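Q: Given the sequences, and given the hints that come with them, work out the whole structure.
Number of protein chains: 2
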Amino acid sequence: MPFSEFSDQQQIIDYVTQHIDYFTDDSTLQVTELSDGNLNYVYRISDAGGNSLILKQTPPYIRVIGDGWPLTQDRARIEYNSLKRTAERCPQRVPKMYHYDAEHCVILMQDIGDHDNLRELMIQRVRLPDLAAQLADYLAVTKFYGSGMGLASGEHKQLVRESQNPDLCQIHEEVFFLDPFCDHERNDVNPALRDEAEAFWQNNDLKREVAILKRRYMSDTEALLHGDLHTGSVFANQNSCKVIDMEFAFCGPAGFDTGVLLANFLLNYCGQNNLPGDADERAGYQDWLLTTISELWQRFSQRFSNLMQQHCVDPSLSDAGYQQWYLQQLWQDTLGYAGVEISRRTVGIAHVADIASIESETARADSERLALKIAESLILRRSEIQSPAQLADTVRQLNS
Amino acid sequence: MPFSEFSDQQQIIDYVTQHIDYFTDDSTLQVTELSDGNLNYVYRISDAGGNSLILKQTPPYIRVIGDGWPLTQDRARIEYNSLKRTAERCPQRVPKMYHYDAEHCVILMQDIGDHDNLRELMIQRVRLPDLAAQLADYLAVTKFYGSGMGLASGEHKQLVRESQNPDLCQIHEEVFFLDPFCDHERNDVNPALRDEAEAFWQNNDLKREVAILKRRYMSDTEALLHGDLHTGSVFANQNSCKVIDMEFAFCGPAGFDTGVLLANFLLNYCGQNNLPGDADERAGYQDWLLTTISELWQRFSQRFSNLMQQHCVDPSLSDAGYQQWYLQQLWQDTLGYAGVEISRRTVGIAHVADIASIESETARADSERLALKIAESLILRRSEIQSPAQLADTVRQLNS
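Sequence lines, in order, name chains G and Z.
Counted from 1, the first sequence has number 70 at position 70 by the numbering used here; the numbering is strictly sequential.
Counted from 1, the second sequence has number 266 at position 266 by the numbering used here; the numbering is strictly sequential.
No lab work stands behind these hints: they were computed from the structure.
Do not rely on the hints blindly, as some may be mistaken.
If several chains are the same, the list does not tell them apart, and a pair holds so long as it fits within one copy or across any two.
No farther apart than 20 angstroms at their CA atoms in a straight line, the calculated lysine to any residue pairs in the SDA-like style are these [stated by the list, open to error]: (1) LYS96 <-> HIS115; (2) LYS84 <-> THR28; (3) LYS207 <-> ILE171; (4) LYS207 <-> GLN310; (5) LYS207 <-> GLU185.
It should be emphasised that the depicted structure is a prediction, and the values quoted were computed from it without experimental measurement.
A: Put into structure tokens, the structure is as follows:
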């Protein structure tokens, strides 16, 4: 059936009041459009008493482009399934879901307006003391229980089938793993970074390693991923954090989620060299970022080890030697995929505000130069950089 | 609907004549039961003029056990799809398919009675000059065109979905990767090999490496596999070879097929130490087996490289450095999965006639001892044994 977009605010209010019994006084309802991602329509519906919820609608195209760039609405089902599974294991880490409408591709969910976008918080250098613990727990639990370690073999295969997301995966196969490593017409390169980008595209070792990482992304279905876990998909405050925007979810290599997240911490690190503000404060925040990465990995690997020891469905995968190997390999994957995410955010089509908001082309290129150096090191030296401490040393050395 | 087994030969003849127009004279048709695998019913239908075909029927249980061990009939669809795909790329390597009946789980296909079972041929030490080239070509073409290198990303994901085979994969997850590496009640161990088996089950390095290989088997969907490519699934003569019995097909790591095949060559090698016959002739055949493995790998990797260079759908996967890495990794996987197959055929539930037909318990244990040593070396040293020449040296050394 053809997609029916809401044509006015009253239609949105009618939709909400007809489908759920959330507001006590419907007469004061107001609608605000929040759509700030690229793909979907997002509205806040609120009453005069301070109650509110979010309506997310998935059109059969990319919202910011329009129907000239069609995109499967199956991404609404993918997001719904992934939100539901996450809520089963980590209810605190996702907005509550009130209603899902497969026909109209609509999800009604909790308004998390008391949280802020983590990318914005990091640009403003806000320190969040519980963030590492919250994200480490979310990552360990969702990766473990979305894999053949936490699920029986047949259940995992069913999850793989249900979570297939070929159209959105293909976008990422291109924008993560192809464009940033060649002079592609889709790329958006700062003119002041042109020489470094050209050199980056000539590096054959890099092409080989990125192909190795891409092969895994394309065919290794080990765990249900968020699929796009950058800091713009995380909302946080001093006490809480929530993960949203799961339309890129699929079963892939676990290190892709940890890698993309870690990359966005490092992209902010690069940005801090040239974002406005006091130099000491910026350097202090860079230290906080590296410490947070380290804490995140320590807590993640501790939690994951415990899950492997105590809850592996398959006895052959609870072997202690295998666990050690698995976590070491997951760290290497994390570094590799982090390098790919940093590359695509620096010379690819989609940049991040942590660096893109730096007004001067030259200052921006300075941050981007560091980002490219870090990306290259993570991809090429991922088996040498064996711990978060060594990663911090590498980053500091490249920044000196 | 309930399964309807053919109750007599006339029903089989009626089924064939009602469904295809193959025989010119129906009045002379005869039926012979050939069922020699464990899972299915197989009949030859022939007329007096020397024409014949094969009817394979898949019951909803394991044939040799009966309805006490139910098994999905979906394996008939899996086999049909896999036969069809193989026929598209390698028509000479599979029997022609005449008819597929999803409702009754019946396949009518070419009678390849002019070929003999490769395992039997190898026990009789028959040399087949074209075997390596034929199997190398079959393996390279089917693995390449069943992967994300030879298929567009979305087509590969569809193949992964269609080929999911959870019930049969679970059997292999247990009998390949669990039972042989612990003292499992399903195991069938020669009493004269008990000490070596006990030591084998104590090897923690082995458990770790087998878990690593199992993880890939469970979650890496890189290529459509035959899934059970032992020498009993290959029929051959001096000019031709055909591959059958594809009910274990699924998308998994390419090295599983090459590994299982190579393992069965090596199991025959171990058997030749104690099979009846002239010692020089047996030693000569062992040399032929190692030469054939070498030729098979050389031809396979050459063909696969050419396909990667010329027919990769994805430009990032045709990188020369990546190709070199890929084939080296595939060789390592081949050795690893070969080691697992040799293990399960030696101390697991399902033995092979190459060794099991040796009557004396002590002589059989002698061959099994060599098999276990080879298995252990292949699994633990798969990254050191870098070529078929080094593999031949390793095997000869363990046999000296």
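Q: If a hint holds in the structure, say so; if it doesn't, say that too.
A: So, going through the hints one by one against the coordinates:
{"no.": "1", "hint": "LYS96 <-> HIS115", "in the structure": "within (14 angstroms within a copy, 63 angstroms between copies)"}
{"no.": "2", "hint": "LYS84 <-> THR28", "in the structure": "neither (30 angstroms within a copy, 63 angstroms between copies)"}
{"no.": "3", "hint": "LYS207 <-> ILE171", "in the structure": "within (19 angstroms within a copy, 38 angstroms between copies)"}
{"no.": "4", "hint": "LYS207 <-> GLN310", "in the structure": "between (39 angstroms within a copy, 18 angstroms between copies)"}
{"no.": "5", "hint": "LYS207 <-> GLU185", "in the structure": "within (18 angstroms within a copy, 49 angstroms between copies)"}
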